[in-house]
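Whole structure, please, built from the sequences with the hints as guidance.
So the protein lines, in turn, are chains A and B.
For the first sequence, UniProt numbering assigns the number 1 to the initial residue and increments by one for each residue that follows.
For the second sequence, UniProt numbering assigns the number 1 to the initial residue and increments by one for each residue that follows.
Errors might be hidden in some of the hints.
Where chains are identical, the list cannot tell them apart; a pair therefore holds if satisfied intra-copy or between any two copies.
Each computed EDC-like pair below joins lysine to aspartate or glutamate, with the alpha-carbon atoms no more than 20 Å apart [claimed, not checked]: (1) Lys-33 <-> Asp-116; (2) Lys-73 <-> Asp-133; (3) Lys-128 <-> Asp-176; (4) Lys-73 <-> Asp-132; (5) Lys-33 <-> Asp-176; (6) Lys-73 <-> Asp-24; (7) Lys-51 <-> Asp-17; (8) Lys-73 <-> Glu-129; (9) Lys-51 <-> Glu-102.
If you're looking for bench data, these hints aren't it; they were derived computationally from the structure.
Protein chains: 2
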Amino acid sequence: MSSEVSRRSIGARPNPDAADAILDAAASLLQRKGLRGLTTDAIAREARASKTTLYRWWPNRGALLLALYVRRKGSSVHEDTGSLIQDVARTYERVFRTWQNEGQLFSLIIAEAQHDDGVAEALVAFRKERVDDWLPVLRRAEERSELVDGADLEALAESIVAHAWFYLITRRLGSDPAILAARVIGPWLRKNR
Amino acid sequence: MSSEVSRRSIGARPNPDAADAILDAAASLLQRKGLRGLTTDAIAREARASKTTLYRWWPNRGALLLALYVRRKGSSVHEDTGSLIQDVARTYERVFRTWQNEGQLFSLIIAEAQHDDGVAEALVAFRKERVDDWLPVLRRAEERSELVDGADLEALAESIVAHAWFYLITRRLGSDPAILAARVIGPWLRKNR
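This is how it looks when you write it as structure tokens:
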């Protein structure tokens, strides 16, 4: 769902090649100059694109950073293993691996969001998308009668995402994803009752 | 428990007045020069203390930042209202108010921790303390038979803390603390089953 997420995140607009070229330029800048070198001006220069074009795709630097992150991490489709704990464990495993490998881009986005309003706005929207992505997975679990009656799916989705981000910011990506999934999902499961 | 937390966080050592003077100096520097001006050298100069003294109290800049934060936010004793959801709601309410009022110090600590190993180390230790602080509260709830049988108290404590920090980093401190508490604690309550 990478392309779908991208389309949703950054808006459906013509010429995705141009967007890709701009993200390439941003990635190259980031590699060479770090996060502080990644200004809209510098990206426009590097990509030989107008700032208007940049803004048309990404309303602020945070949105562009997140698009870069989404492109790097690739698909974020949640698996359908037939077991919610398994689905969550697989995602935690994949996400923790990505976070360990792609040069901390996402944790830097979180850091930037703490003092840059544009990045914060993009992160807030990104959180909402990540939570929403879990809802169909949780509905499947509900249909399989895995969950307690009347489970608040949105609260559960948020808990899944909150724990992942919490583990990232407190540097515990080496934790066992299956154990974490069981801790997060456990109290929501009917069979535990 | 402010003093108790401080003692535990930074080690029980003589002459707390000297520590206070150093924290005063750090607070003043932070106010005037921002986080980047808050180096060990600058603090030592400002407080007319030796760097050795600083290091004896706080092994790194992150530990000092957290001590400053703990001193500012004051007591973090969790209330005993006789209801776990209430206890958690009260804490969320107090903590969110602190986070909104004290100039984002804690979110800046989280940001710094993403690229400063000393701050990260201090934040990891701080997380552990915050989780441990919840355990007696959860044991009380267990004794009142509020919780499902065999509830993993450590997992629940972590979830309480994870959600608070998640709301901070995604800028939702205006959320209703009672609703959040009910969302986080709900699935762990026996009466819901």
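Which hint numbers does the structure go against, in order from smallest to largest? Structure breaks hints 5, 9.
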